[in-house]
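Protein chains in written order, with this note's numbering: chain A, 1 to 109; chain B, 110 to 223.
Don't read these hints as lab results, they were simulated from the structure.
Treat each hint with caution, since some may be false.
[Claimed, not checked] Pairs of lysine-lysine residues, derived as DSSO-like cross-links and limited to a Cα-Cα distance of at most 27 Å, are as follows:
#, chain 1, residue 1, chain 2, residue 2
1, A, Lys51, A, Lys68
2, B, Lys151, A, Lys36
3, A, Lys68, B, Lys151
4, A, Lys27, B, Lys192
5, A, Lys108, A, Lys60
6, A, Lys51, A, Lys64
7, A, Lys36, A, Lys68
8, A, Lys27, A, Lys69
9, A, Lys36, A, Lys108
10, A, Lys64, A, Lys27
11, A, Lys17, A, Lys36
12, A, Lys69, A, Lys51
13, A, Lys108, A, Lys27
14, A, Lys56, A, Lys69
15, B, Lys192, B, Lys151
16, A, Lys69, A, Lys36
17, B, Lys187, A, Lys38
18, A, Lys27, A, Lys68
19, A, Lys108, B, Lys187
20, B, Lys151, A, Lys51
21, A, Lys36, A, Lys64
22, B, Lys187, B, Lys151
23, A, Lys51, A, Lys36
24, B, Lys151, A, Lys64
25, A, Lys36, B, Lys166
26, A, Lys56, A, Lys27
27, B, Lys151, A, Lys60
28, B, Lys187, B, Lys166
29, A, Lys38, A, Lys60
30, B, Lys166, A, Lys27
31, A, Lys27, B, Lys151
32, A, Lys108, A, Lys51
33, B, Lys151, A, Lys56
34, B, Lys151, A, Lys69
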Amino acid sequence: SQELEQSPQSLIVQEGKNLTINCTSSKTLYGLYWYKQKYGEGLIFLMMLQKGGEEKSHEKITAKLDEKKQQSSLHITASQPSHAGIYLCGADAGNKLVFGAGTILRVKS
Amino acid sequence: EPEVTQTPSHQVTQMGQEVILRCVPISNHLYFYWYRQILGQKVEFLVSFYNNEISEKSEIFDDQFSVERPDGSNFTLKIRSTKLEDSAMYFCASSARQILAEAFFGQGTRLTVV
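Just need the whole structure built from these sequences, with the hints factored in.
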């Protein structure tokens, strides 16, 4: 079965700093999804990547899927307190999602 | 903006009791899902449902679990005899097409079994 490994597990950054979260898959990725979750709340879809080398941006968040399609990175530029939360990567495992354990992001003002 | 609504937001139940978690998917959606997240662990797929039947289920979704769309608007998850290890956040999701990127997730129901 497909496993997703996220790193780091948690991250504390100063407001205004950039950061990167990684997601590595045990198998080729045919669809990689990034979600944000606030503690105790639902999952908010951020973006989806499908093609090797693909890169997408939404506001100050950029996600890339590497050429070999087994790793994705999520980069936040000039972090703000509103970016705080848990970032989850999810993989398309045949009409269902398999998730990573999540990366907890705290942004210090 | 349309949203998936789950009730209750938090439920506490005695071990061995039956619980029903309720979800109101977005009205024109046809595909429905339940996921769960045990505290501190990964979000895990439980079951998908389409055309009034289960499309796929995980190993977690054993005979103690069942899903139903009783009235064309609600989508429920029933746990017949709850165990302590069923304590988790349960998320419902729905989509109009079988495209995962289009799935909307509800806010979740936190189930605590005591």
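### Query
Holds or violated: are the alpha carbons of Lys192(B) and Lys151(B) at most 27 Å from each other?
holds (19 Å)
### Query
Holds or violated: are the alpha carbons of Lys27(A) and Lys68(A) at most 27 Å from each other?
Distance of about 10 Å is within 27 Å: holds.
### Query
If you draw a straight line from the CA of Lys151(B) to the CA of Lys60(A), is it 27 Å or shorter?
holds (26 Å)
### Message
Against the 27 Å threshold, does the CA-CA distance of Lys151(B) and Lys51(A) hold or violate the hint?
### Response
The hint holds at about 25 Å.
### Message
For a C-alpha distance cap of 27 Å, please report whether Lys64(A) and Lys27(A) respect it.
### Response
holds (17 Å)
### Message
For Lys187(B) and Lys166(B), compute the direct alpha-carbon distance and say whether it is at most 27 Å.
### Response
holds (14 Å)
### Query
Keeping to a limit of 27 Å between CA atoms, is the pair of Lys108(A) and Lys60(A) held or broken?
holds (17 Å)
### Message
For Lys69(A) and Lys36(A), compute the direct alpha-carbon distance and say whether it is at most 27 Å.
### Response
holds (21 Å)
### Hint consistency between Lys108(A) and Lys27(A) [alpha-carbon to alpha-carbon, up to 27 Å]
Roughly 35 Å between the alpha carbons, so the hint for Lys108(A) and Lys27(A) is violated.
### Task
Below or equal to 27 Å on CA atoms is what counts here, so check Lys36(A) against Lys68(A).
holds (25 Å)
### Query
Taking 27 Å as the top limit, are the C-alpha atoms of Lys27(A) and Lys192(B) close enough?
violated (33 Å)
### Straight-line alpha-carbon gap Lys187(B) to Lys151(B), limit 27 Å
holds (21 Å)
Figure legend: structure checked against the earlier numbered hints; hints not met, in rising order: 4, 13, 19, 32.
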